[in-house]
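Undergrad: Chains as they are written, first to last, in my numbering: chain A, 180 to 341; chain B, 18 to 380; chain C, 2 to 374.
Mixed in with the good hints, there may be bad ones.
Below, simulated DSSO-like cross-link-like pairs (lysine-lysine); rule was C-alpha separation at most 27 Å, straight line [as the list claims (entries may be wrong)]:
1. Lys328(C) with Lys301(C)
2. Lys185(A) with Lys267(C)
3. Lys190(C) with Lys202(A)
4. Lys75(B) with Lys202(A)
5. Lys354(C) with Lys357(B)
6. Lys354(C) with Lys177(B)
7. Lys357(B) with Lys185(A)
8. Lys202(A) with Lys188(C)
9. Lys228(A) with Lys181(C)
10. Lys195(A) with Lys190(C)
11. Lys228(B) with Lys195(A)
12. Lys195(A) with Lys188(C)
If you're looking for bench data, these hints aren't it; they were derived computationally from the structure. Everything numeric in this text was worked out from a predicted model, so none of it was measured.
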Amino acid sequence: MNEVAKYFSGIAQGVKTLLTGMKITGYYFSHARTEIITQQYPNNRDTLKMFDRFRGVVEMPHDENNEHACTGCQACEIACPNGSIEILWERVVDPETGKKKKTIDKHVYHFSMCTLCNLCIIACPTDAIKMGQGFEYSVFDRKQLTQVLNNPGSKVRADVKD
Amino acid sequence: MLAFSIYDFSTLTKSIHESLLSTFSPGWTMTIEWTIIGLILILFAAIAVLILVYVERKVAAFFQLRLGPNRVGPYGIFQTVADFIKLLMKEHITSKNADKFLFNLAPFIIVTAALLGIGAIPFALGLHVFDINIGLFYLTAVSSVGVLGILIGGWAGNNKYSLIGALRSGAQIVSYELSITLSLLVIVVLVGSLQLSDIIASQENGWWIFKGHISAWIAFVIFMIAGTAETNRGPFDLAEAESELTAGFHTEYSGIKFAMFFLAEYLSLFIITSIGAIVFFGGWMPFHIGSWEAFNNIMDYIPPIVWFFSKVSALIGLIMWFKWTFPRLRIDQLLNLEWKYLLPINLFNLILVSFIVLMGWYF
Amino acid sequence: MEAVKEKTDLKTQEYFVNMGPQHPSTHGVLRLMLGLDGEIITSIQPHIGYVHRSIEKMCEFDNYRQIVHLTDRMDYLSSHTSNEAVSMLIENALEIEVSDRVKVIRTIFDELSRISSHQLWWASVGMDLGALTAFLYGFRDREMINDIFEETCGARLTMNYNVPGGLMFDIHPNFQKRVKEFITHFKTKLPEYDQLLSDNVIFRMRTEGIGVISKEDAISFGLSGPTARASGVALDLRKSHPYMAYDRVDFESIVMDSGDTYARYKVRILEMWESMKIIEQLIDNIPEGDIQAPTKALIKLPKGEFYQRVETARGDFGVYVVSEGGKSPYRLKFRSPSFSNLFSLTQMAVGGKIADLVAMMATLDIVVPDIDR
Chain A
180 MNEVAKYFSG IAQGVKTLLT GMKITGYYFS HARTEIITQQ YPNNRDTLKM
230 FDRFRGVVEM PHDENNEHAC TGCQACEIAC PNGSIEILWE RVVDPETGKK
280 KKTIDKHVYH FSMCTLCNLC IIACPTDAIK MGQGFEYSVF DRKQLTQVLN
330 NPGSKVRADV KD
Chain B
18 MLAFSIYDFS TLTKSIHESL LSTFSPGWTM TIEWTIIGLI LILFAAIAVL
68 ILVYVERKVA AFFQLRLGPN RVGPYGIFQT VADFIKLLMK EHITSKNADK
118 FLFNLAPFII VTAALLGIGA IPFALGLHVF DINIGLFYLT AVSSVGVLGI
168 LIGGWAGNNK YSLIGALRSG AQIVSYELSI TLSLLVIVVL VGSLQLSDII
218 ASQENGWWIF KGHISAWIAF VIFMIAGTAE TNRGPFDLAE AESELTAGFH
268 TEYSGIKFAM FFLAEYLSLF IITSIGAIVF FGGWMPFHIG SWEAFNNIMD
318 YIPPIVWFFS KVSALIGLIM WFKWTFPRLR IDQLLNLEWK YLLPINLFNL
368 ILVSFIVLMG WYF
Chain C
2 MEAVKEKTDL KTQEYFVNMG PQHPSTHGVL RLMLGLDGEI ITSIQPHIGY
52 VHRSIEKMCE FDNYRQIVHL TDRMDYLSSH TSNEAVSMLI ENALEIEVSD
102 RVKVIRTIFD ELSRISSHQL WWASVGMDLG ALTAFLYGFR DREMINDIFE
152 ETCGARLTMN YNVPGGLMFD IHPNFQKRVK EFITHFKTKL PEYDQLLSDN
202 VIFRMRTEGI GVISKEDAIS FGLSGPTARA SGVALDLRKS HPYMAYDRVD
252 FESIVMDSGD TYARYKVRIL EMWESMKIIE QLIDNIPEGD IQAPTKALIK
302 LPKGEFYQRV ETARGDFGVY VVSEGGKSPY RLKFRSPSFS NLFSLTQMAV
352 GGKIADLVAM MATLDIVVPD IDR
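Isolated chain A (complex conformation) (with noise of 0.2 Å):
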């Protein structure tokens, strides 16, 4: 008897929890409106705001005047673990003191490289670079991953110290 009973409560607990799964997903379907979280992605371009900190690309800002404030000192490209960041300098003689001094030719970064690890950009002393916020980066031609982050015909801000 005690098989038969087992049998029959099997049965029943069985078609239970059946029923209470069904009707999570009934739920979620019937409030579908509400509850669906896709993004429709390339619509909503013009809206989508990323995080502050969000890491895209390194970028060099530059303010109004065409400035940037790198100084060439080759911090990034010693924190860098893989090699992304190629510091091109130059001694430039300094109107001011006379002297020779490091400064910044061109700053390479291999896109195609980038970890995003960030340790570029707590290394450098001047703030001069920072993490861009964009993340459509796919180009049909490799040699565009390498990018020179200094615009051309741009110099340090006067105010920046080494």
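We have chain A already, so just place chains B and C on it with the hints.
TA: Using the frame of chain A, we list chains B and C on its own:
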């Protein structure tokens, strides 16, 4: 002008018959009528599958908190058309040692089995193509022919994994046919006839799910479970969603042949739910309660064809709900369920309903 | 249910099947060679190495500040905990004391990573066993944790937030509010997980009694984490060797006896509740303090061998460093929990069916990049 009444399609069919008979000889009339009916049925099958595939994808998406197809056409309604065009353009790959004749035969068998069933379904009053006196028996017999297509398809691919999948699926379908037939027999005992129009006519004062109380409820639950297992759907889909090891019996098929397996699966889903709607819910018969004349007249205002399709849609929605909620059963648990649970309950139910009919304890 | 096997004269041939490197249910790029007799598995051999990226070798060329970011990408679901292991090793070797604020924040992030990893695990259990809706529900709940991480660290998965000596920068002002919202939200959703999968009769039939590992076998295979705790081995590094802020919170480590797949499943579900308890105790009073202890710009470890263990969501993760006094390690080795957990399949799966193998792999919770490094 052709007489047309949405409540009784026999007026339309009679007037078409008369007008054809006035211009052609009886032999030609019959040929033309058969051609028209065949084309309409095939067209209906194709459109039904298109709609069903789209509905399945949208329903699955809403269960899963996402949107489903919404790019091809407004709300994505042309998505299935795009998919079928893509399938038509794919290459037919046949493996080297495959049995070519059987390989090409299998999709045809399975589609034929499904289309044979469509012909016997009463869609509305007067829209019943093939109304023989063994209607229900014919429908279950014809849907069993589909198993042959699955087994041949699995064998002919010369692929040991698809053979395993086909054999498992064959065992599953053959076992669950027993349950389907026995649960349908419950209503046949209550009605006294296998003919589909008789079964529908007997539900004029209420559907069997209400009139044949306990037995009809047990039979309906078993019918739904066995119906999802028959069509390889829902929690019983280890033969096709066999992402564990193989892709099932249709691994080796590509292009239009795969589309035929796909088509046959959704058509047999439609047929199983139609049988369920006819036998338990009255087919095209509106919802009547006993002899409440006023209520019945209001219910009769809605055309029967709308009743039929709404019942079928509700049952299809229920089956889709099963699929997207439950995990899969293993093959031995599935067969266990059939032989140790469903079959004894079915037999007990049959005895119960015979007793009920003898005593007259039904409405 | 036992299969009654009788010896008949019918001789069936054993054949080999590859659950190949590309497979929906092997959680990564893993190849399993199965020897099958009909439906029963007679032998199983995992072949690994498809995702080998020589991380340990790369660490020999980076200085100590830079090897932290490489550990993100091994067990990517507990990336914060792996980073923390390397940072703690350096801090203990140089005998730097981190502030209380850092300890509490690191613990909160650890537990958030644990919940996030278990949510993804639950999603993949549902998907492997056929309940495809469960997959999407698990991922939806995980999005809130990803947003918390992104707001503070800038990245959702590979966070690289730890530096030797503390954290990279301070937490965002919204951090506490978001974490509290998440806890309130998830407490209403976690019972749904139970109702959808754990109590379901089909799920129980698929997982109860399958893949039993006894306590002795668990110890001899070297299992750790929830996999071992489900077999009765009470090994939880947060209790036995407490680090960071684990010694000041009150929680239980879940241990079950049966050792089957259902026990492994249940342990992780209950662990999510315990993690929420830990976070609740810590989130309201984060002490003030320095975010970074002062360290030299170029870190050099003294000569010797160092080892550090942490409890990730998968088990016992260890970092072993042999240092010659330079700015990079001479040799570095990671002890990954998924590696030891995987090879218990060779005993568990034999005698079961292929469908059982899928259920077992789903609850072992391995991450293949962690195995291959």
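Undergrad: Does each hint hold? Answer for all of them.
TA: Now for the hints, and whether the structure bears them out:
1. Among the hinted pairs, lysine 328(C) with lysine 301(C) is consistent with the structure: their alpha-carbon atoms are about 5 Å apart, no more than 27 Å.
2. The straight-line distance between the Cα atoms of lysine 185(A) and lysine 267(C) is roughly 24 Å, inside the 27 Å bound, and the hint therefore holds.
3. Note on lysine 190(C) and lysine 202(A): the hinted pairing holds, with a Cα-Cα distance of about 14 Å set against a maximum of 27 Å.
4. Under the criterion of a C-alpha separation no larger than 27 Å, the hint pairing lysine 75(B) with lysine 202(A) is consistent with the structure, at around 19 Å.
5. For the given pair, lysine 354(C) sits about 21 Å from lysine 357(B) by alpha-carbon distance, which is consistent with the 27 Å threshold.
6. Only pairs whose Cα atoms come within 27 Å are accepted, and lysine 354(C) paired with lysine 177(B) is accepted, the gap being roughly 17 Å.
7. For the hint pairing lysine 357(B) with lysine 185(A), the CA-to-CA distance comes to about 14 Å; that is within 27 Å, so the pair holds.
8. Between lysine 202(A) and lysine 188(C) the CA atoms are separated by roughly 19 Å; this keeps the pair inside 27 Å, and the hint holds.
9. With a C-alpha separation of about 23 Å, the suggested pairing of lysine 228(A) with lysine 181(C) holds against the 27 Å cut-off.
10. The suggested pairing of lysine 195(A) with lysine 190(C) holds, with an alpha-carbon distance near 20 Å, which does not exceed 27 Å.
11. Of the supplied pair hints, the one linking lysine 228(B) and lysine 195(A) holds, its CA atoms being roughly 25 Å apart against a limit of 27 Å.
12. In summary, the hint linking lysine 195(A) to lysine 188(C) is supported, as the alpha carbons are separated by about 23 Å, within the 27 Å threshold.
Violation of the numbered hints given earlier is absent; every hint is satisfied by the structure.
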